[in-house]
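Residue numbers (the working numbering), protein chains in the order written: chain E, 1 to 296; chain V, 297 to 607; chain A, 608 to 973.
Heads up, a few of these hints could be off.
Straight-line distance between alpha carbons at most 20 Å, and here's what the computed SDA-like set of lysine to any residue pairs gives [to be verified]:
hint, chain 1, residue 1, chain 2, residue 2
1, V, 431, V, 442
2, E, 203, A, 707
3, A, 682, E, 203
Derived from the structure by calculation, the hints contain no laboratory data.
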Amino acid sequence: MSTRRPSSLLRNPMAKLAAVPMVVTATVVFIGCSLWTVVYSFTDSKLLPRANFDGFAQYDRLWSSSRWIASVENLAIYGILTLLLSLTLGFVFAALLDQKIRGENVFRSIILYPYALSFIVTGLVWQWILNPDLGIQGMVRAAGWESFAFDPLHTPGLVMVALLMAGLWQGTGLVTVIMLAGLRGVDEDIWKASRVDGIPAWKTYLLIVVPILRPVFVTSVVLIGAGIVKLYDLVVALTGGGPGNASEVPAKYVYDYMFANQNLGQGFAASTMMLLAVLVIVIPWAVLEFGGKRRG
Amino acid sequence: MADVAFTPDQASGTPARTLAGPVGARPKSRITPRKVMIYGALGLVSLYWLLPLWVMVMTSLKGMPEIRMGNIFAPPVEVTFQPWVKAWAEACTGLNCDGLSRGFWNSVAIVVPSTVLSIAVASVNGYALVNWKFKGSEVFFTILIFGAFIPYQVMIYPIVVILREIGLMGSVWGLVLVHTVFGMPIITLLFRNYFASLPEELFKAARVDGAGFWGIFLRVLVPMSLPIFAVAMILQITGIWNDFLFGVIYTKPDTYPMTVQLNNIVNSTQGVKEYNVNMAATLITGLVPLSIYLISGKLFVRGIAAGAVKG
Amino acid sequence: MLDQSHPALDGQSVSIRDLQLDFGSVSVLRDLNLDIHKGEFLVLLGASGCGKSTLLNCIAGLLEPTGGQIFIEGKNVTWAEPSERGIGMVFQSYALYPQMTVEGNLSFGLKNARLPKDEIAKRVARAAEILHLGPLLKRKPAALSGGQRQRVAIGRALVRDVDVFLFDEPLSNLDAKLRAELRVELKRLHNSLDSTMIYVTHDQVEAMTLADRIAIMKGGVIQQLAAPLEIYNRPANLYVADFIGAPPMNLLRGDLRGSEFRGAVTVPMVGYDFAAPPKDGAAVFGIRPEHVLVGEAAATAPVRTEVTVEIVEPMGADTLLWTRIGEDDFRIRIDGQTPIRGGDRITIGLDPARASLFDAATELRL
C-alpha cells in the first residue's frame, strides 16, 4: 500500500462505481429531465421539441383551456374525497380488525387483495359492474325498481363517484394495513388504564388512540397524496375521461397533448404545473418533518 | 350456598372458601351485540370487496346470450371456457389477432430483466450508502428519494428523446431501463434501511478478515438478506407487471405489455362488445400479481409497509 | 355483583378466595387464597412468570379468572368491570394519555363519569398537592421526567377517590437513584392516605422497605405471607430462604438426627424453634452471612468451627468473605474495617436460634 493517502476522490473506488447508477438517475433523470421539460414548456414545440421560445404562451393557453380547468377541478375533488374516505375507512377497518377476532388474517387479505391488481384491471372490472344495461342499474331495474337510476359512467355529475368507488376499493387496503400496524404499536397499558378509568372503547379510540397515531395518519396522507397526482391508468380504463371532460385529470391531459395531439408545448406546460403542485406540498412538509432534525 | 367459615390467611391447601355470589368466569353468551356488529360489519365489507372478483370470474365463464339476460351476479347456468380461450389466443389488438398471450409474454420479457436489474442495482446502492459512505452520497440519495415524489409526466418526454438517441425506443430493453431507473428510489431505500439495521460489527469483522467491497456484499450480506430480496422481488414484479403509463409510451404494438394490450382489447375494439372475453382477459391479466399476493402473504404486507416508511 | 357485605369479610379490604386462572391447560394461578387488611401495604413479590402480575390484573378486573372469587371492600366484584371495583391502578410504563396535559390526564376519567366540574377541580387540586404536581399541570407527558410521569400516574389513581390502589412494578422503568427517591415518597403517601395498597415487584429491596406484609409467589402459589422481618428471619421454605437476602443464605446439606444437624458441621439445634417435634431425615441447614459470628463473638458461640478464607470482597460498609464448608460455598459478612486477608484461617460461630432448618425432600421449614 502506498504511504501517501490517496485523494478522497479515489478512495473506495468500488463503492463509487456501484453508486454510479444512483448518481446518474438522480441527476440526469430526476433533475435533468424535469428541468428540460420545464425549460421547453416555454417554447412552441408541436410534434417535435423546438427551442423556439414563446414566453408564457403555453401557460396562457393552458389556463384558458376548459378541459385543463376541468382536469384540475376533478383532481382536487377526487383528491380530497379519497383522502378523507381512505383515512376514515382505513382507520375503521383497522379498528375492527384489531378486536382480536377470529379470521383476522382472512378479512385483512380480502380488503388488501385489490392493491395487488393493476389500475387497468380495477378500472375495467368496475366499468363492467357499472354498465347501465347489464350491470347494477340493469339488475335493480329488472328486479322491479323500474325508475332506479345509477349510471355514473354516463352522468357527468356522478362519474367522480365511479372513480372513487374503484379507487377506494383498490387503495383502502393499504391504508388499513398501515393503520393496523400503528394500532398494534399502541402501548397495551394505555388500554388497561382507560379500562380502569371507565372510558368506553369507542371514546378511547377517538380521543386517545387517534392522537397517538398522528404520525401514522401523516404517513398515510403522504402515500395517498403521492398516488393522487399520478392518477391516470384508472381514468383511462374506467371512464376514458368522460363523459365530456367530467373525469379528465391532469395526467391524461399531459399524455393526450404530448403523444396524441402533437402538441408537446402544452404537454410540457401541463406537466410543469403538476410538478409545481407537488413541490408546493412536498417541500413545506419535508422542511417541517426533516428540517428540524438536520439542524438539531 | 351457605357461608363457609372463615379460615386464617395461609398459602393454598385449605378447604374451599367461596362465599355466596358470582364465582369464576363471567357467563358469556356466544352472541353479543358487540360481536354481531363487528363480524357483521366485516362480513359486509368482505362481501363488497369480493364482489368484483366474483363478477369477473362469473362473467368470464358465461356465454354471451346468458350475459345479455342481465343479472351480473348470478353464476353461469352453462359454464364455458370459450371466453378464456378467445381472450388468450384470438383477441384482436389493432391488426394482430393472436390474443393476450402476446402481451403476456411481452410482460414476462419486461418484468424479469427489470426486476433482476433494478434489484441488483438498488441492493448494491443501498449497501454502498450504508457501509461505504462517501462525500455527497447522502445528498444524491436525498435527491433520489425526492425524485420518487416527482410526477412521472414531467420526465417522460426527455426520456423518449434519450431512448431514441441510444436506439432503445420502442424495444423491451428500453422499457426495462425505464423501470430500473424509476424503481431505484423505493428499492434502494428498502435495502438501505435493512442494511442499516444490521450490526456494524458484522461489516467490521468481515473487513478485518480481508474482504473487499464485492466480497462482503456477495458472501456476507446477501445470504443474510434473503427475506428482503424476496420482499423487493414482490414489490417489483407486482409494480412492473401492473404498470401502464410507461408501457404505453415506450413500446410499440408488438412489444405492448399485458396491461396495455388489455386496455386496447376492451376499450378500443369496434363492434359488438364481448363482455365475457373482456372479463376473461381482465382476469388473466390480474392473475399473476394476485397469485403472488396470495402465495407471499406476510411478505407482501411487509413490502408495502416498508415502502410506506420513508426517511 | 352483590351489595351486601359478608360478615366473614369484616376488616378485609381485599379478599381473594380459591382463585384459579388457567390458560388452556396451563394453570397460572392455583387455588389462591389471600386476605388483605384495610389500610395494609401488601407486596406481591416473585421472579418473572410467578403469577404476581396476573394476580394483580385479576384483582383489577383486567383478566378474568377461571374459578374463585374476588371481594373488594366487602363487595363481590368477580364479575365487575375494572372501573366498578373501587380501585386505582398504576402501571410500569405509566400509560399516561400522551396528547393530554397532566391536568387532562387526571380529569379525563372523572369527566367521563360525568362528575360535576367543581368536584373534579377539587380532586385534581388535592392530588396535585399531595404529589407536588402543581407546576406541572399544564405540561404534556412528553415534557416530564420519568419520576414526574410516575407521579402523574399515581395522581390519576388518586383522583378516583378509592380505597384500594394497585401498583404493577411502577418503579422498574426508573434508574436506581430515582427508584430510591420514589420508594420513600410512596411510603410517605401510604402513611398519609392510609389506603390499601397492593404492590407487585420483583425487587426484594422494594418489598422489604415498603411492605406491611409480603406474599412471595412461585408458580402461581403463595410461598409465604408474612411481615418482612418474619420472612427474613423465618423463611417458610427453601425458595423463600434463597430469594430474600443478598448475598443469599448459606445452605448446608446433611441429616437431622434427634435434634442435631449432621453435615460438614455438626450443629445441635439448641434454641431453635421447631414447628413440629423433629423427625429424623435428610435436612438442609441455613444461616445468613450476616448472622455468622466472627472474632470475639465466635468464641462464646454455641457451635464453633474453623474455615479458611478463600476470597475477600471489601464493599466499604461490609466485607464479604468467601469460604468453604465441606463441598459448599460459605459466605460470611463482617464489618468493613476488620482486617482479614485471603488465606487466613478463622474461627466462626453459629447460633442455631438464628438459623433455619429445612426438610430436604419437601423443602419446608422444620
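So, going through the hints one by one against the coordinates:
1. Taking the CA atoms of residue 431 of chain V and residue 442 of chain V, the gap is about 19 Å. The hint holds against a cut of 20 Å.
2. Restraint check for residue 203 of chain E and residue 707 of chain A: satisfied, since their Cα atoms lie roughly 14 Å apart, inside the 20 Å limit.
3. The suggested pairing of residue 682 of chain A with residue 203 of chain E is violated, with an alpha-carbon distance near 28 Å, which exceeds 20 Å.
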